[in-house]
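2 protein chains.
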Amino acid sequence: MSKGTSIDALTRIGQDIVESIMAGRFPVFDIPDRRTGNIIFDTDEQEYVIGPTSVRRDSSNIRHVKSFAQLVWVASFAKELLKNNRTSSLRDLYYSSEAFDIEFADQAESDRIVGDLECLTGLPREEFGIFPEERSSIFGRVTMQYTVKGYEGKTVDLTISPDGLPIGPALMTAEPLDCKAELILAVESGGMFSRLIETRAWERFNAVLVQLGGQPPRATRRLIRRLHKTLDLPVYIFTDGDPWGMHIARVIMSGSANSAHIRELTVPTAKWMGVTADDIVSYSLPSEPMTNADLKRLDELKNDVRYNSSEWLHHINAFKDIRMKAEQQAFSRYGIDYVVDTYLADKLP
Amino acid sequence: MSKGTSIDALTRIGQDIVESIMAGRFPVFDIPDRRTGNIIFDTDEQEYVIGPTSVRRDSSNIRHVKSFAQLVWVASFAKELLKNNRTSSLRDLYYSSEAFDIEFADQAESDRIVGDLECLTGLPREEFGIFPEERSSIFGRVTMQYTVKGYEGKTVDLTISPDGLPIGPALMTAEPLDCKAELILAVESGGMFSRLIETRAWERFNAVLVQLGGQPPRATRRLIRRLHKTLDLPVYIFTDGDPWGMHIARVIMSGSANSAHIRELTVPTAKWMGVTADDIVSYSLPSEPMTNADLKRLDELKNDVRYNSSEWLHHINAFKDIRMKAEQQAFSRYGIDYVVDTYLADKLP
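So the protein sequences, as listed, match chains R and C. If you count by our numbering, then the first sequence holds residues 79 to 427, one letter each, in order. If you count by our numbering, then the second sequence holds residues 79 to 427, one letter each, in order.
Same shape as in the complex, but just chain R (with noise of 0.2 Å):
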């Protein structure tokens, strides 16, 4: 996505609002409704999609015009970035608002109204140089070319550093030039990270690596998913053997309720590799009982619209019946070689 199409949606924002008071009419915004009756999982492309149901914003209501004006700010606020090249967090646009009289309650508030100007665009936030704080990391055979102030037309090598690259705002906005790996594999803890650059399972597998540090930040579900269309790369992911875990990679594959309103986010075809509950009883591997917590949430998985196919249902069976869960590190039981030797090179293509 080019920065011209960010400033473009933000231009027509304001285009809108002067027509309308031109013409004497009070502005208004017509913003897709994110509220979960709007929310449709699309069996066919197996992700998250808004409905076709929109929410009027209207100036002239009175209940209207502070969230109306607080979309315009956080507009302007964001074309201000992106004409001066810059980023913000999400906690920064929060105070940036103090100066200006905008009175966001909390940051929450300011996060929704982010919320509804990627709805009003049709564009995420990372767009307009809005990114949380949170950073997942990234190692492999890819060279990507930063376009970010000061280091525009720069390359790096991701496997510059053998602690990874955190996925960053200028990550996040640099385009993968040249490939030499043939698949994703995203792992969830930054330890198993350490271990297969350490290994060379990198090498071995010809993987790019993403430690992903539980539910990734958008930012990284991003990039995950644009290395797999530029570059076409097969996504596998590696994480934790309980419904926390499982649903990791459920969301990396169809998104989440909260991100319906975004495009290009999902890996539908990405492959959840594991630790499932087979492979609790196949690699006989140390675990632990479920507590209440992971049995409630195998309960709410299995009435997950997510979760409706023969291959998922038996992962949830699968857990329910064992009633065990395991870390992915559990297989150093068997020497810390183990899982790259043995688990990887058979679950790996």
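I should point out that these hints are in silico values taken from the structure, not numbers from a laboratory. Check before you lean on any hint, since a few could be wrong.
Pairs involving identical chains hold if they fit within one copy or between any two copies, as the list cannot separate such chains.
[Stated by the list, open to error] Below are the BS3-like pairs computed for lysine-lysine, each with C-alpha atoms no more than 25 Å apart in a straight line:
no., residue 1, residue 2
1, K258, K232
2, K398, K349
3, K258, K227
4, K258, K425
Model the placement of chain C on the given structure of chain R, informed by the hints.
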């Protein structure tokens, strides 16, 4: 610290055990006592140190034999790591023990035994290739040379990635070769870290930037200390304006009781820049009322030996007077460049 030193320390442990057995004696460990009574605040050095008391772990004592064996196993695990030029997370170490029937009750127990090994050898776990999972980041004009397997002799310029580089096992064990910076500026939040990179504050202030992310991992404190000592760089710490932020700075300066047994972690001459209570007032920062937990924490710090100086008591009392706190992002109310152009310009030399 060279790898030789760590291997020698481990070899010595093994030799002592063998000699005892050959001489018909049950082997024992004399480990510096890490309990509260033996942790002393050295007011001259302004840091915590461990006192003269030792505890004996005696393999002839039925109550000691389990932890004795656990310590021997951790030492042998560490030696395997070093011999093979490998690293392990604390979590992996815990799981690796399962194959040996070592029976750690939980990771807290294996972490504690790793602490015993540190005490016994006087070397931090990082010297044995054992790391926690958390990471902070670094950025600045320093060239480091890696020593980890596969990267031996390779150098990296710490400005290579405009998102910063994670302080992981590789960077932690790299050697500083060359430096164009004149000071270290450690900041609490990832948002501030990104801001200072993007605005080229590192160039303007000639600073190596370190992102702490709350109380930083010990590896980060060690790297700050090493750069400070090796490159003769003064250290400045910029945190949120609340007791927790203030304490991040104080721990970098004087260490904590938990790590009193580890040498070479502290920078007693580091300066806490703020956000101080005085800053909240003089810069009219957006602030919010302290919670009861914040106020209670101030009382605790008031009784903490590390705050027993007129300067620190002034900071504590000033917070108690205004009963308000502010984040470092709060400067954004004056525009996103204000923190660099005004606050840091005021406060840095």
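Outcome of the hint check:
no.	hint	in the structure
1	K258 with K232	both (19 Å within a copy, 21 Å between copies)
2	K398 with K349	within (21 Å within a copy, 54 Å between copies)
3	K258 with K227	between (27 Å within a copy, 21 Å between copies)
4	K258 with K425	within (21 Å within a copy, 47 Å between copies)
The structure is consistent with each of the numbered hints, conforming to all of them.
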